[in-house]
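Student: These are the residues of each chain, in order.
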Amino acid sequence: MIGQELSETGKRLFRDFPILRMLWESGRKRGIRETIDIVEKAEEFNRTFAVPRALELDMRMEREPEYFDWEIMREACKYRFLSIFIPKQLGGIAGEFMVTNTSLLMDELCSGCSGIALAVGAHSLGVAPVITSGAMAHWDTVLKEIVEGELKRQPVTMAYAITEPSAGTDVEEPEYLERAKLSLEAKKVKGGYVLNGRKCFISDGSEAKYFTVCAALDRNRPLQTWTTFLVERDMEGFSTPRVELKMGQRASHAAELLFEDVFVPDSHVLGYEGDGMGNGILMIMAASRGPVGSIATGIARGALQHFLAWARTKRNGKRPIDEDRIRMNLADMWGMVQENRGLYMNNAMLGDAIFGKALDNPIMNLTLGLPSSLRTMSLMRNFLNSYYGKAMINAVLRYYLRDEDMTQLLETASLAKFSCADNAMELCSRALNLMGPEDSEERRWVEKCYRDAKLTQIYEGTNQLNRLVVNNIRFEETLRVEVPRPFKKGVMA
Amino acid sequence: MIGEPWAKESKQYAVLRSNALNFASAELAPVADDLENTVDSPLLWKAVERAGEMGMLAALVPEQLGGEGVDLYSLCVALEESAVECAGFAAALLFHNAALLSMGYVERKDLVEEFTKGRPLCTVATAGEVSLGEGRLQGRAPFVFNVLEGTVALLFASSGDGRTAAYVRTGTEGVETHIDPYPLGWRVSNFATLEMKGAEPVYVLDKSGKEALEATERTLYLGLAAIANGIVRKSFQKAYDYARQRYQAGKIIIEHQAMRLMLARMLCAMEEGRAIIRRACGIEELGPAVIAWRGAVANSYGAHRDAVQIHGGYGYMRDYGMERLMRDAKYCQMFPRPEEEQLLRLLDMAERGA
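Chains A and B, in that order, are what the protein sequence lines are.
Numbered by the working numbering, the letters in the first sequence go through residues 288 to 780 in order.
Numbered by the working numbering, the letters in the second sequence go through residues -15 to 338 in order.
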């Protein structure tokens, strides 16, 4: 029955992710069809575009780190990857299982080239805070512009700027933010804020038109004053002076952002002043770490595909795969990939359960149900940007994004992030050790995967931070921690 | 100073280590990044010339043939110190010395003299499948470093008598060179596949071939172990310095237990590396050399991975000098043979009592 309705991609997904099949069988066919559709598009994107140019582009960007291949974003427009987080009412393609779709998209794209995938995915990371903060005043401007640009194949992209030169992991967690040494500061002035300082390692930073930027209003009280701003590239005093030469994932730029007296109007505060680590924005951490797990999984899967191709090719009259030890290694590697998938899907499904409810609420549906002409009227925009407008949206979001859900979401995200990243590194490293001094295209690919994989252990909070986050889990509720006493008192004295 | 070996070496090796470190600091450290970006650069040949003046170009060849006649541990010391600043350069020296070692066995002073001029360097090819028949070479030898026009490569070829060794010169008839434009590590010199299409060897090691081959392999394994250990030392130095400066979660990161554990593991790796290399250099057999290589490169993998991690985002960027260590270290683990193949061979050797 399933076989008749599904494409080859659908069958593969059902085989690799039984949870998708379960949802399909349970009647969530529309949502799962969207999921399959996204993965099919990603496969085609890889086959026709990313894979044929990945190695050459990677090599070129080592010689010319400032070069950016805009064809990546134009091609992404063709498949509508730039609006995967944007609600359908605004012209986007956000599906019923938005977080799952994003995770599967990144897994698939990264199996081709994680640099190209990051260029596409980092844009959605920039878009996400505009959605999750409930900044509806900008939905009909910024998000609409992205959608319209996408349809015309004139990409308009966003980036998310959080890392600072002296604070990387610190700005990823509320507990550490309190003690972070920050360089960027926003000062309240009449009608808005003035930003001074730097952000660094910002993915897509040198291409984006819009930035969601987190900054403290008081560097001595960062947690209490952490605020998210919408910054536009053409704002006076804003520049991107430096692009890093990365070891891997090179097709996407990691740029430095420089703020020199950049004036940002009040209307460009996403959420409330000082609400930058509120659930709306914290959701981004949770929603981005899980997909890093899927990025790592895609890289690992790509490496495994190339390793398998190598193992099946005859060398000196023999195929490596005919040896038991190679087949056992392949089984281990496949185990790592499937373990990763289980972990990131746990996070993605939970994200959809929480996030789906939060976005599918009566207030937002009512607002999005209004004709665009009404929504964009200055009266409406002013209301949405006013204290009362924000309070209304915030109340709705807080109702759905409960603290215990956010904690669980962060735990699953962090677990997926560090486990998937470590597995990806281990898989790539092992594949290279098994191939040894080999002259083959497959080895070159796996070397690229090895370089690419390392970044997944670092970004979105180092794996060490993410391990500590997982410790927030309430072990005593989840595990039986009572120690049984099998011996009578005195025996173990 | 932290990172110095606990186990002290004899004065002879301590002096050698000090001289080699001075060479690395003066000649390699300032140009290591440039060497990585341009193969066959004048900077490389200047460093090679200085290495030649210090006796590092024919270290293992007997003095009567024009070499230095030093023991293998001395070469390992020189390679480890060079690798602290530039593992690619150390690898280039290793392949050159390993190739020349065999010439010592055949007492070809003329060849040694020619090949110790410094440019081009010699090299060794351990992988692929090359055969020798009727005085001609056929087949492919991948993963060959130091390749320039006129490079002399030592190939391990199969022949009617088993495995033998032959020297072949690039740029001559029947030798095709395919340069890999984009190797992961050791980017100081060209990295290529050599294709033999009826090439005539410069010289073939016949009766002494087996002994020479084993000596060459032993040199490669222990040299790579020493280079890996140099990478561990650099990883530790950089990570330790960075950890004392970088602030995170309310304190400098060296005060975090996770960072301290990583650094402690690097210390263990350094000490273990030195001990197993020293021990294996004292045993004239291939088995202990393989075991030392395996231990040192595995330690190195853990150390550079953690060192990059301690640096966070900075560790991943070219300008901060960590990512090169990670790329170079991986080739120490992949060369000269895949690890599992070598392990199986090790057991075979042990069963034969070799």
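Since the hints were derived computationally from the structure, they do not count as laboratory data.
Note that the structure is predicted; figures quoted are calculated from it, not measured.
A couple of the hints might just be wrong.
Once the Cα atoms are required to be at most 20 angstroms apart in a straight line, the calculated SDA-like pairs of lysine to any residue come out as [as the list claims (entries may be wrong)]:
1) Lys235(B) x Leu510(A)
2) Lys235(B) x Lys316(A)
3) Lys235(B) x Arg754(A)
4) Lys316(A) x Pro339(A)
5) Lys601(A) x Lys235(B)
Student: Against which earlier hints does the structure fall short, listed by number upward?
Tutor: Per hint list: 2, 4 and 5 violated.
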